[in-house]
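Just need the whole structure built from these sequences, with the hints factored in.
Number of protein chains: 2
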Amino acid sequence: MRNRKKRGNRPSRTGPETKEASGIQQLPWQQVQNPCPPFETLAPEQVESIDAAAMKILENTGLRFQNDEALSILESHGAEVNFDTCMVKMDENLVRKHIATCPELFTLHARNPRRDVKIGRNYINFTPVSGPPNISDLDRGRRPGTYEDQCNLVKLAHCLNIVNMSGASSVEAMDLPADTRHLDLYRAQIIFGDQVWNARAIGRQRVEDAIQLNCIARGIGPEQMADAPGLLTVINVNSPLVVDKEMLEGLMAMTRHGLPCIVTPFTLAGAMSPITLAGALAQQTAEALAVIAFVQMVRPHCPVVFGGFTSNVDMRSGSPAFGTPEYIKGVLVGGQLARYYKLPYRSSNVNASNDADAQATYESAMSVWACFLSHANIINHAVGWMEGGLCASMEKYIIDAEMLQTMVEAFKPLRVSEEEFGFDSIREAGHGGHFFGTAHTMERYKTAFYTPLLSDWQNFENWQQSGAKSATVRANEIWKSLLENYQAPPIDQAVIVQMDEYIRHRKEEIRQDGIV
Amino acid sequence: MRNRKKRGNRPSRTGPETKEASGIQQLPWQQVQNPCPPFETLAPEQVESIDAAAMKILENTGLRFQNDEALSILESHGAEVNFDTCMVKMDENLVRKHIATCPELFTLHARNPRRDVKIGRNYINFTPVSGPPNISDLDRGRRPGTYEDQCNLVKLAHCLNIVNMSGASSVEAMDLPADTRHLDLYRAQIIFGDQVWNARAIGRQRVEDAIQLNCIARGIGPEQMADAPGLLTVINVNSPLVVDKEMLEGLMAMTRHGLPCIVTPFTLAGAMSPITLAGALAQQTAEALAVIAFVQMVRPHCPVVFGGFTSNVDMRSGSPAFGTPEYIKGVLVGGQLARYYKLPYRSSNVNASNDADAQATYESAMSVWACFLSHANIINHAVGWMEGGLCASMEKYIIDAEMLQTMVEAFKPLRVSEEEFGFDSIREAGHGGHFFGTAHTMERYKTAFYTPLLSDWQNFENWQQSGAKSATVRANEIWKSLLENYQAPPIDQAVIVQMDEYIRHRKEEIRQDGIV
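In order, the protein sequence lines correspond to chains A and B. Note that the numbering used here has the first sequence beginning at 4, numbered continuously upward. Note that the numbering used here has the second sequence beginning at 4, numbered continuously upward.
Check before you lean on any hint, since a few could be wrong.
No distinction is drawn between identical chains; accordingly, a pair holds when it is met within one copy or between any pair of copies.
Lysine to any residue pairs mimicking SDA-like chemistry, simulated, CA-CA at most 20 Å apart [what the hints assert, rightly or not]:
1) Lys472 - Asp142
2) Lys59 - Gly435
3) Lys415 - Ala46
4) Lys59 - Arg418
5) Lys59 - Gly433
6) Lys472 - Leu141
7) Lys59 - Ser420
8) Lys248 - Gly435
9) Lys415 - Pro41
10) Lys415 - Phe42
11) Lys59 - Glu421
12) Lys59 - Glu48
13) Lys483 - Glu252
14) Lys248 - Ile205
15) Lys449 - Ala497
Everything labelled a hint here was simulated from the structure, so no lab data went into it.
As structure tokens, this is what we get:
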């Protein structure tokens, strides 16, 4: 891939700058790397056993690919295809041959080249909540999302440095027509942020629109996209074992332009997959591998991501549960499997709480730790997800950002050196003394420790005098301050004009044809 | 040690029993083992470097042991002692020789032998909050603790199976005289629970009282204590580098009876130790090793625990901070050092929040994950700690219990087998079908997944109709229900009579002499 680093000369969005704008101190924008070894909970032979089970499912039970073009491609590459039932069976050798051509690491290019991101190996990336129809905040409660909410969430993703990719729709704009909504979303992503964002892969045309607009914003042609991919998307399998027509259209459109899809089965144990975690993970693996092998048939070496989304349901109510012991195990084993196949891995920060409360927080904390330990390369829904994905929460957005910042700092290597030990300061403080004034302390006190975004460490009396605000109330103040002080990243006026012309034309086309 | 398992024939306190009593489902009482390898963040040469720095501190700077008897013992074993300044310097060989006699693993015996616990290797034990002068709950707010609160907290530790040791005073009984308070606490620990509890090691006499009462409760003589130790305590170093007179008296009294002390320096980086984590951890190691070596001089092979309590202060206010990136690193490295010395390790579930809110929850979640990954053998303050230790929270107690249960279940090995994969259920559900009714599901649905203590997985509408209760509000209902349904563990009336006679006599003695 060509080096685009030299291109951008726009101001960078770093911590100190943001601080000046909003008075809120945060970590600088960064590409996080996890220096610790991944946490392996399965023995190698157990990983092989899940792999063998997945291959057995692909060979004996197969997946339904509900798209004739996809079926033809699969057949031409040697899969056993039944066009009447859409059934596709693949033998082990066929699957392994194709997944072997996936890249282990790739780069995604943002319109601001300083926001390019690496996906794979030990890189970690964070995208905000995506998909919910509802939004909630302390002021206005829970309600259907609007375009205004959607724009605010894009702005927040831009303001908060820890969110290093813009992701997909953080809330649905329920006040806009469904068939042209994606165009407004793409425009907001480009105007209000400068990071990598997601195409919407329901059908071919929504992907084509994303590519056209992404090209306009970056000043490149669609033929250059494969060399410097600038979009990604999530392709969900309709578990168990079905890939639907529109998802396959979107997937083929992405792949043909060399753009990565995150292939994510939705294997809720007990509902959409076997009730046992081993069964759910074998099915998740089978579904992901089948679609990833198909991607490589469409375009060998196209970047693609192994997505995991295994959790369990509450067997009394059928409600999905998240951040549970089962979810933690699923994330960790998913990562181990992705490494076994040498594929980049996507996981998520999830919870099932209806309130930005302690439950939302501990379920998310459990998820985030599992994601870090599993070496997930993309943590989707990293900030703001609630209610098992039915609601975006403005306050949860900030709570999650604090957790992610804490994790990123905690995973930075500890410096161990003679100078760090500070023997002089131990002598200077003396037995029973204190270290506040030692030279070693004075040299370092400004930057020695992590400065929190949300945590309040005042003593009880001071905290009470300053309003006895809970973390959720403080989070409410923080997102408002970030939005009040939001500054749009620079963009050429000509880009906006060209983009708006494209969108106007496409909206007209869609209104006339009724086709997205 | 003799096998005491055969002795007890009292009913066990398991999950189902508790459920019958309170309607609240929880995991059974258990001795948790961590099957995963410990998480190592330092390279072996970095561990050796911290070890070398600790030895350098012990040899060049030394510790003050403010107790003449202790100084004599140290001198007689070859330490360089100055009786005027209480300064003790030890060379590396002396320290290593003595810490080599510490057991890697030992058992503590409860009055109910089914509640015996193992300390060391990969065993994990949980004790409740200890030490705070204040208590808070949603009904009555924050207030100084009373004896009634203290008893309630002992009862809660008994009710909640995940808390497998009773610990020390979960809140101070501020309404009782300071010099006899420990006797009332010990009585409450014995009457209201049947697990292992802590002696209070401020001075010799409080330890002796604990031993006498523990012996009465267990029907043994003090001379049998060393063979079947039934108490433990925490010995704090007054960091930097001072061990005070009363702590040393308590420590010697414990050690002479073969009872384990958890030696815990309080190395807040920037205040009581160097501002760098490497410096704070070197000092923590030096302080802990000096006292542990002293324990082995007093009684070779006496069980003892390496305690870690390294965090940082907010350099703007001087307030201690907990659950921070620095705390996580400190816990992980502390564990690595304890393993290097082959010593059991103690860490803590901590936070600095003033409210049982999202901050309390994420700071605690960060702490708990670090504790598990570091293979801490005792997690102190595992439930109910708040405000950096100044307040016990009834609601936080339940929030923490849910987090601990989740972690314990998450760390249980995943079952991987042909039967678990459930190939039949995949065929039975069919492509795009669901698994709720498959035979594989029906056989397992009652016990397949973790049942939460606190989490509410209802959808938003149902949650709202049932009162829109936050996790903290639900936690309030849970602790009340547990206390309402509390049932005291059986105890012989003769034990109570003998115990009360001892306490009556001791209170009189203390009133007359004014000596504790």
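Results of checking the hints against the structure:
{"no.": "1", "hint": "Lys472 - Asp142", "verdict": "both (15 Å within a copy, 18 Å between copies)"}
{"no.": "2", "hint": "Lys59 - Gly435", "verdict": "between (67 Å within a copy, 18 Å between copies)"}
{"no.": "3", "hint": "Lys415 - Ala46", "verdict": "between (27 Å within a copy, 14 Å between copies)"}
{"no.": "4", "hint": "Lys59 - Arg418", "verdict": "between (48 Å within a copy, 19 Å between copies)"}
{"no.": "5", "hint": "Lys59 - Gly433", "verdict": "between (68 Å within a copy, 15 Å between copies)"}
{"no.": "6", "hint": "Lys472 - Leu141", "verdict": "both (13 Å within a copy, 15 Å between copies)"}
{"no.": "7", "hint": "Lys59 - Ser420", "verdict": "between (53 Å within a copy, 14 Å between copies)"}
{"no.": "8", "hint": "Lys248 - Gly435", "verdict": "between (72 Å within a copy, 14 Å between copies)"}
{"no.": "9", "hint": "Lys415 - Pro41", "verdict": "both (14 Å within a copy, 18 Å between copies)"}
{"no.": "10", "hint": "Lys415 - Phe42", "verdict": "both (16 Å within a copy, 14 Å between copies)"}
{"no.": "11", "hint": "Lys59 - Glu421", "verdict": "between (56 Å within a copy, 11 Å between copies)"}
{"no.": "12", "hint": "Lys59 - Glu48", "verdict": "within (16 Å within a copy, 46 Å between copies)"}
{"no.": "13", "hint": "Lys483 - Glu252", "verdict": "neither (39 Å within a copy, 56 Å between copies)"}
{"no.": "14", "hint": "Lys248 - Ile205", "verdict": "within (9 Å within a copy, 73 Å between copies)"}
{"no.": "15", "hint": "Lys449 - Ala497", "verdict": "neither (44 Å within a copy, 62 Å between copies)"}
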